[in-house]
Amino acid sequence: MATNTESTAATARPELSDYLSDDLVIHGLLVFSIVLMGLPLILAVVMSTQTPSEVYEVTNVGIGSQGLANYQTALGEYNLGQYMWNSFVMASIIVVGKVALSLLAALALVYYRFPYERAVFMFILLTLLLPVPVRIVPLFQLMADLGWANSMLSITGPYIASATAVFLFRQHFMSIPASLVDNARLDGVGPFTFLVKVLIPMSKGMIAGVSVITFIYAWNQYLWPLVVISAQEKQVVQVGIRYLQGASQSGLTQWGLIMAGAVLALIPPLLVLVVLHRPLLKTFAIQQK
Amino acid sequence: MTEFTKPFDSSWQAYLLLVPTFAVLIAFLYYPAVETFRLSLYQTLLLGTQKAFVGLENFKILATSPEYQRSFVISFAFAAFVVVGTLVVSLFVSYLLFEVSRGTSSYLVAAIWPYALPTAVAATVLMFLMHPTLGVITHYLEALTGIELDWFTSGPLAFVVVGLVAIWKQLGYNIIFLVAALNNIPETLTESAKLDGVGRLKMLYKVYVPLISPTMVFLVVMDTIYAFFQTFPMVDLMTSGGPSGATNLLIYKLYRDAFEFNSLGKASAESIILFVIVAILMYVQLRVSESYTHYGA
Amino acid sequence: MSHIQLDDLRKRFGDVEAVRGIDLEIEKGEFLVLVGPSGCGKSTTLRMLAGLEDISEGELRIADERVNGVAPKNRNVAMVFQNYALYPHMTAAENMKFGMKSAGDYGDDEIERRLDRAADILDIPELMERKPGELSGGERQRVAIGRALVREPEVFLLDEPLSNLDAKLRVQMRAELLKLHQELQTTTVYVTHDQTEAMTLGDRVAVLDAGQLQQVAEPQELYDFPANRFVAEFIGNPAMNLVPVDVVEDGGEVRAEHEGFSVGLPDQAGLDDAVGQSAHFGIRPEDVSLAGNLPADAPTHEITVSVTEPLGESLLMHCDVGGDEIQVKAEPRAEIRPGDDIEVGFDEERLHLFDQSGDAVYHSTSATPKTSEAPLTE
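Chains as they are written, first to last, in my numbering: chain A, 1 to 289; chain B, 1 to 297; chain C, 1 to 378.
Just so you know, the hints here were simulated from the structure itself, not pulled from any lab data.
Please note that the accuracy of each hint is not assured.
To give a feel for the contact side, a few chain A residues facing chain B, derived at Cβ under 7 Å [said to hold, decoys possible]:
1) Ser-33
2) Leu-107
3) Gly-147
4) Gly-205
All C-beta atoms in this analysis are idealised placements derived from N, C-alpha and C, irrespective of residue type, glycine included.
Kindly produce the complete structure, drawing on both the sequences and the hints.
The structure is reproduced here in structure tokens:
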């Protein structure tokens, strides 16, 4: 009986006006969730304009009197500009290196006949089991032995080959229609021409997607730079935020300054995401398969 | 996926193309990983300058160390907290995103941006906003609940606060995948259910969740790996493992053992344990995705 | 001397033999169509001609030169694919030039000259700067053909080039392909699963099934004198009716006896050997006429109509005769309804018998001996 009344109530429901108000509820809930998710960031931006004494008035959530001065101080006096540049160089090298290496590897895997193909692919894929913490101690020693400690090489080298990127390019190459490949064979197109004139132009979206993922990932690195870079001026911005924490002024922690630093460290990846979210989403759609 | 005859058959060219990737993988991934195995069988003395073969002694020490046991349990509890929290919130938001028909793409960007949020930034921002004395969020929460939220001294509170940071940062990634999975559901299914007058909430857990369960499993695995491996900056910046070990996650303990106490052998053994955890998670993911592809999901 | 020679050509994929020994000679300038159901090995055969698949066994000669193992680009063949195989990021002109540029044997002037010529022949100069995404299906196919043209190959290979087009466009492109072939007279091998396409396009048609050649002949001959049951049923739409009969001699006349009818068979080669055997009697739906259209003394048989399908230009009827189904094509607007019993007569010049193994043993008209003449031009 109970199920009966329930189902009649339900069938009576889809009236136009019901759907409209229903939609309004959905929009309301969605806006609420999004604001809640963004609230800490909005507050951080607001607080980044406050002086320490304004920060210490806890309920003061208005724009502070510092304006952008905290940002200036963070970038200049606290060297955040240098750290951001280091992060930017690191992330760019990793993006370019990873894309280039993975394109070459995928070209070999998809378009070449050679012995032990399957084993080679497995060898690459198995590295998914080896995140940095699994090998951090010997890796650190290796960097020291190579004399790479405190260098850009140490924070980029270990990251420029990647199972994920090879896998993504491989999937994408395999989805290119067979007849295009046949056609290239009929024309006798060489591998280099094929890569440059056909594969790369046809993989623009995927390359953009992999680049975004890699950039955000590289920019987010914290543990490894913390371990391997001890010279402050060579440090990346994520660890640089840590240095800001010591900043205090007449006994008060300069939270406004720290917030400014945090916001600065967020801007580049956020910008990249907003601009390139389309290829990113498409790439993720392939990754999960 | 189309089958085709591979156009190029020069083996040495193929290997040449693979050399750069292989060089990096061998030098910076395989070699250090194997070294980790080797080192885990040694005890390092005198700040790592000398070492002695001890077999599985390091693992025995870890297994019997109350501190490590605690860290182990805490890490799993933390992972569970983060996985459940992230999935519940992001499923809710994703479902809302899926249900709205207007302004979808701007809503989407506004919802997935935490994917670009660096962990250290997330930790720094929330550490301040939830600061026991200066944090505006803490202030209002305390006013609302009447409870003193001093997570600088309370272990469980610190655990929750770090967990919240971890969830916040991970929402974007989860929403990306959940929205994609929901959008992949054939529209006819949604429409026929709507014609039957199935309510929204019922639709979610009776129709949608079963259909997107492969994605959910994938996210459980990825979020667990995240909770184990990417959470170092939060602990490092916010709690340093405290108070009294309440947030001393395995990854943080590994860092301290390796680079503060120079117990390289012991740290390597800890790395191996982390490796086993990733391996099990990846295996689960592989098996589950295999069993789903058999059903053509 | 034939232009392309296939000598016992075979292709194995692992344990599966996809092409099982094909012998075929294709004349210079001929338009040969390879037709068969999907999986019959026609595409594989074409791909062996192109060099895209290795030849497992047998010999392939083009212009009297053995080309087994010769790289595709050195065979001087051009191929057109079902899905056009155009690079989406290149304009039509770039697509057409890409192969020649890769080969590197041609100067820029030569490439431009050929490009202009191909564009003119195909009447697509205005499409040259567009990308495939901005072209319709038919336009893309023209560009794909243009790309084959600029290479001025010795042989054109076309793999179901019209299958992705809608029905109307397909008919139009068919006519254009014919015109193009008349103009260029390049040897062409064309693969399709569509028997209408095969009949309309081919100078000769080679019917394949299960990796083996069933019959190679001019279209009309294929239709009139199918070599076996497979060809009889595959060529012609609707398919030829085939019903089991006993062939008996009755007072000097040979007859095909069936539960529902008995037909006298005119004396022709093979008939005597068929006497006393059970066989399959074949007649095309269009060779069955309503009694009203026949002379008064013509023998007729009663059949029961079960389903009628008005096709517009004719009326197709599924009928029951002695427990077997046959299809009959009658004139449109005939007042016939399902359940009606009707009188029909068989065109005695169009009767066929197939033995138990499926081979044709008898046609009621003698096959005019047509040994490979010069390719027909319509």
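Verification of the hints:
A hinted interface residue such as A:Ser-33 counts as satisfied when its beta carbon comes closer than 7 Å to some beta carbon of chain B; here the least separation is about 5 Å, so the hint holds. About 6 Å separates the beta-carbon of A:Leu-107 from the nearest beta-carbon of chain B, less than 7 Å, and the hint is met. Hint on A:Gly-147 is violated. Least Cβ distance to chain B is approximately 14 Å, over the 7 Å limit. Interface hint at A:Gly-205: violated, since its Cβ lies 15 Å from the closest Cβ of chain B, which is beyond the 7 Å cut-off.
Against the hints set out earlier in the document, violations occur for numbers 3 and 4.
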